[in-house]
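Given next are the chains, with one letter for each unit.
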Amino acid sequence: MAALRIITDGGQGPDGGSRPVSGPILVIGGGIAGQAVVEQVRDRDSRVPITFLCGEDRLPYDRVSLSRILAEGEDPAVLQLRPDAWYADRGIDVRLNAWVTAVDPDAGTATLAGGETLPFDRAVLCTGSDAFVPPIPGADAPGVEVFRGPEDCAAIAAAVTAAGARRAVVIGGGLLGLEAAYGIATLGCPVTVVHLMDRLMERQLDTGAAELLAPAIEGLGVDVLLETSTANITAGPDGRANRLAFADGTELETDLVVVAVGIAPQADLARQTGLAVERGIVVDDRLVTSHPRILSVGECAQHRGVCHGIVAPIHEQAAVAADTLTGVADSAYLGSVPSAKLKVMGVALVTAGAAAGEREVVVADSGTYRKLVVDAEDRVIGTVLLGDTRGAELLLDAVKTGLVAADPLQLLAEASQATAAELPDSAQICNCNGICKGDILKAISGGDLGSTQEVVSVTRAGAGCGSCKPLVTELLAHARGGAVEEATYLCPCRKLTREELAGRVRAEGIEAVSELAASCGAGRDCGACKPGLAYLVSEINGNQHREERHARYINDRVHANIQNDGTFSVVPRMRGGVTTPDELRRIADVADKYDIPTVKVTGGQRIDLLGIKKEDLPAVWEELDMPSGHAYAKSVRTVKTCVGTTHCRFGLGDAMRVGIELETAMEGLYTPAKVKAAVTGCPRNCAEAYVKDIGLVAVEGGWEVYVGGAAGASVRKGDLLATLQTSEEAKRIAYVFLQYYREHADYLERTYAYMERVGLEAVQAEVMDPAKQEEYLERYRIAKAAADPDPWRERHAPVHPKQFAELDTEPALLPMMPVGPPAEATR
Amino acid sequence: MSFESAWIPVGRADDVPLLEGRSVMVGSRRVAIFRMPTGWAAIDHACPHKGGPLADGLVADACVTCPLHGRRFDVFTGRQVGGDDVVATYEVRESGDGTLELLVPADLMVGAEAA
Ligand code: SRM
Ligand SMILES: Cc1cc2nc3c(=O)[nH]c(=O)nc-3n(C[C@H](O)[C@H](O)[C@H](O)COP(=O)(O)OP(=O)(O)OC[C@H]3O[C@@H](n4cnc5c(N)ncnc54)[C@H](O)[C@@H]3O)c2cc1C
Ligand code: SF4
Ligand code: FES
Chain A
1 MAALRIITDG GQGPDGGSRP VSGPILVIGG GIAGQAVVEQ VRDRDSRVPI
51 TFLCGEDRLP YDRVSLSRIL AEGEDPAVLQ LRPDAWYADR GIDVRLNAWV
101 TAVDPDAGTA TLAGGETLPF DRAVLCTGSD AFVPPIPGAD APGVEVFRGP
151 EDCAAIAAAV TAAGARRAVV IGGGLLGLEA AYGIATLGCP VTVVHLMDRL
201 MERQLDTGAA ELLAPAIEGL GVDVLLETST ANITAGPDGR ANRLAFADGT
251 ELETDLVVVA VGIAPQADLA RQTGLAVERG IVVDDRLVTS HPRILSVGEC
301 AQHRGVCHGI VAPIHEQAAV AADTLTGVAD SAYLGSVPSA KLKVMGVALV
351 TAGAAAGERE VVVADSGTYR KLVVDAEDRV IGTVLLGDTR GAELLLDAVK
401 TGLVAADPLQ LLAEASQATA AELPDSAQIC NCNGICKGDI LKAISGGDLG
451 STQEVVSVTR AGAGCGSCKP LVTELLAHAR GGAVEEATYL CPCRKLTREE
501 LAGRVRAEGI EAVSELAASC GAGRDCGACK PGLAYLVSEI NGNQHREERH
551 ARYINDRVHA NIQNDGTFSV VPRMRGGVTT PDELRRIADV ADKYDIPTVK
601 VTGGQRIDLL GIKKEDLPAV WEELDMPSGH AYAKSVRTVK TCVGTTHCRF
651 GLGDAMRVGI ELETAMEGLY TPAKVKAAVT GCPRNCAEAY VKDIGLVAVE
701 GGWEVYVGGA AGASVRKGDL LATLQTSEEA KRIAYVFLQY YREHADYLER
751 TYAYMERVGL EAVQAEVMDP AKQEEYLERY RIAKAAADPD PWRERHAPVH
801 PKQFAELDTE PALLPMMPVG PPAEATR
Chain B
1 MSFESAWIPV GRADDVPLLE GRSVMVGSRR VAIFRMPTGW AAIDHACPHK
51 GGPLADGLVA DACVTCPLHG RRFDVFTGRQ VGGDDVVATY EVRESGDGTL
101 ELLVPADLMV GAEAA
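Here the protein sequences come in this chain order: A and B.
Mapping the first sequence onto full-length UniProt numbering, position 722 (from 1) lands on 722, and the numbers just tick up by one.
Mapping the second sequence onto full-length UniProt numbering, position 14 (from 1) lands on 14, and the numbers just tick up by one.
Worth double-checking, as some hints may not be accurate.
[Claimed, not checked] Straight line, CA to CA, 30 angstroms or less: simulated BS3-like cross-link-like pairs of lysine-lysine:
| hint | chain 1 | residue 1 | chain 2 | residue 2 |
| --- | --- | --- | --- | --- |
| 1 | B | K50 | A | K784 |
| 2 | A | K772 | B | K50 |
| 3 | A | K717 | B | K50 |
| 4 | A | K600 | B | K50 |
[Unchecked claim] Per label pair, the in silico range of CB-to-CB distance:
| hint | chain 1 | residue 1 | chain 2 | residue 2 | range |
| --- | --- | --- | --- | --- | --- |
| 5 | A | P581 | B | H69 | 13 to 23 angstroms |
| 6 | B | T99 | A | A413 | 41 to 51 angstroms |
| 7 | B | A6 | A | R546 | 50 to 60 angstroms |
Hint data in this document are derived by calculation from the structure and do not stem from the laboratory.
Note that beta-carbon positions come from the ideal geometry of N, C-alpha and C, so glycine has one too.
My request is simple: use the sequences and hints to build the entire structure.
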């Protein structure tokens, strides 16, 4: 009732809820909501003083991604929403450990736990909520945790990874409970989900979907007990909870209990202040509470009888609250459509709006369930997508806008075909941060953004749970006319990640791209991912795969780099940039004989012959009589060197010798993206080793190994991976790193991007671990042994009679060129 | 005198590996011929964007991607995927003895004779 009264009065209290702010704004509560309010107000008013009071001892962080912290053991610090400097830059007085104990709305003061009082013209309560713990006897014992903050994640992880941990129990089979259970299972501890209702996620799912979800969850090694209510929790001799007793008399031994049954809006402060509080703090359509000087946003706010427990509404509320504060007229918050995405690997689940209604259409099979709910006027009011979430954004948008769908089945079908390009600009891509397609496209064109990382950091789309990142990449690729070289999905058409495909290759013992295509369709739709698939198959098979040239880019079919005019460039290997008069003579003769238009010294310390006809390649190679420099491939390219101790008065190490050895050892290996190395004789760095994928630098008494350096499209100084005493040890680490990179990086992900993504510590943990080093070196040797050190030898044994020619041309024939049965046409 | 379109031999079927393309000059044009999983396809060799050699492109079930800047064309309809460009398509067949034959349109016959 109270809610209604306040809505109709529109917050136009004594001194007007929509009077623009005239003094300091106090934002109480440093969660996603508080942060969103601060950002939205600053966007509208760069001067009004803002004091931001965070009750926790850390700056606002992304609570949504706590699941990831639990499952992947990441450091909570990575979740911080904005860097420390952000607040100072925007003149925001942010305070940590600032717990507000009292607010006097009429006087306009707030009192901190420390006793300090702060004046305000307006205050915004963003106090969020606490985990709700039902009154189960024993629920207060140690060993019973909730799942709400970083400390909880730490406690849970510690308990389930402790020696002898046998089982954990999660009470609650909703979104939160399932994510907790998944996290625990990933940590390798058996876990049971105990759920009161007859089906999982009953708030979002109908029976049909829930029946499919249960087995999927169990498939992750999570036991599920439905219709089970916990009578009490008892503790063992050590005082820690170790047994649950259920209403039906059964019991369950456990080492940890996680209570994840829901949340309770944190409204204590509001109550003390005398504001209207029901389930949460009652606000009107302008987010104003029952006192005109006080607004509320986030999980603690109750709007039209609803308290939301997800992020998307927070951003919608924050925008309106900021309008209210800065006096923007006729801006109103009319509520949000509840939507949910399960962040559990391998279980795709998206829901929005009502799970049941007037008319329902369902398309389902053994593993997938797609449902659309429309009301009496054919307006879309809800959707459930399980197993197959294609078109989720389109359908979410349909629910949000109440799209009229006379033929819901038709809409379902269209949605599953929809590509990012076809989404309406209003379609929300990032539900965590409430970012629409339109915003993203604007940012891309406006900021000329070229990588997913950029788009994420600029728009914050994908910065939350991350589940929309692949879509962001898809939008980017489309906006850039397909010009982004990224592989969040290795096969975007079939939405298959590198991990999924690698798993398939291993599981099915796949040895060729065509087998992979037959197995899952990868590479069949647009073909763009075929080179990536070819690399994956070759890497996993230690280069003992079955080579299929149709899966290789033209450069790798003819072992030369295609040019703008369809001719090719030839870069012979010139290890360490060191050559001989004989080689130079041969190069000169070839250039004359085939009147090669351009001979150029490259940035990679070797010589490039450009403008060669495909048909002339075999003859040119024959007469050069030098091995391929792989300048056309995603592979080990060059190792630049300086003269080092051989001639240089400052030389500390024999850069040329070590560089040539390094190149000889690594050449011929294909890599996720090109790998360029350098060996330099002293820190003056004449060979630019600091900015190479792999750089060796001779220092007094040893060698430094740098990785992830770049001086191309982006410039980055390499990370110092290790300092070794001898060049032998330095090269050894380089090989370990190379193999590690070959096995872990996404296709087309240069080392500089990989290091940015994964971080030096993580890499060192693998590469510097003596036991693992041996394993990497073993696989490295196998791959190297099976790699072709010089593909140019195909001039003598072409994989196909027309490998270097068209139907109506012949390759400049060489005497020893066999005319045998075509190796490939027969396939 | 006037010319009529006709089937002329353009090469050996074996010379085009599965899921790859090879080109051939017919009259004044270079035509790219692809061996697709579902049969033969032929389109103009030159990409309408900047003349990229389409026969050298990556081939999927039904389309080829230009090696230069990634324009993508349906090899059966000649339509650009995700764009409005179009390339000409030709009829191509494999005769009993493994010869590839192209149905050369009348307007290309002159050159064809010359060639
Ligand atoms: C020939 C050469 C320029 C030269 O005349 O010096 C060259 C030529 C090309 N570079 Fe490069 N790069 C050449 C040295 C470099 C260097 C300097 C170096 O290697 O020390 C860099 C900066 C270091 C690096 O790799 O980051 C460099 C950064 C790039 C990039 C940016 C890569 C990045 O992620 O930052 C590209 C674009 C790409 O790879 O996607 C690129 C791509 C290309 C391509 C292959 C573009 C293409 O796909 O056709 C150019 C081929 C031209 C042609 O028609 O043959 N090239 N390119 C150099 C050959 C080096 C060699 O001997 O193998
Ligand atoms: C594990 C997990 C997974 C989730 N996954 C998703 C998801 O996938 N999608 C989704 O949309 N949502 C998800 N959520 C929900 C989402 O995280 C919350 O909706 C959102 O974080 C709430 O933000 P808030 O700022 O309103 O509240 P909170 O994050 O609770 O912030 C409130 C802050 O105010 C502080 N505070 C309280 N009282 C005072 C006081 N008196 N003085 C000073 N400070 C005070 C608190 O300490 C707290 O820091 C998830 C939540 C969890 C726990
Ligand atoms: S810098 Fe650009 S234009 Fe020059 S070679 Fe490299 S890729 Fe080509
Ligand atoms: S020439 Fe074909 S895409 Fe540019």
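Status of the hints after comparison with the structure:
Of the supplied pair hints, the one linking K50 of chain B and K784 of chain A is violated, its CA atoms being roughly 39 angstroms apart against a limit of 30 angstroms. A hinted pair counts as satisfied when its Cα atoms are at most 30 angstroms apart, and K772 of chain A with K50 of chain B does not qualify at roughly 49 angstroms. For the suggested pair K717 of chain A and K50 of chain B, the alpha carbons sit about 37 angstroms apart, so the restraint of at most 30 angstroms is broken. Taking the CA atoms of K600 of chain A and K50 of chain B, the gap is near 25 angstroms; set against the 30 angstroms cutoff, the hint holds.
Distance hint check for P581 of chain A and H69 of chain B: the Cβ-Cβ separation is about 40 angstroms, which falls outside the suggested range of 13 to 23 angstroms. The hinted window of 41 to 51 angstroms between T99 of chain B and A413 of chain A holds, with their beta carbons roughly 44 angstroms apart. Our hint of 50 to 60 angstroms for A6 of chain B and R546 of chain A is violated, since their Cβ atoms are close to 41 angstroms apart.
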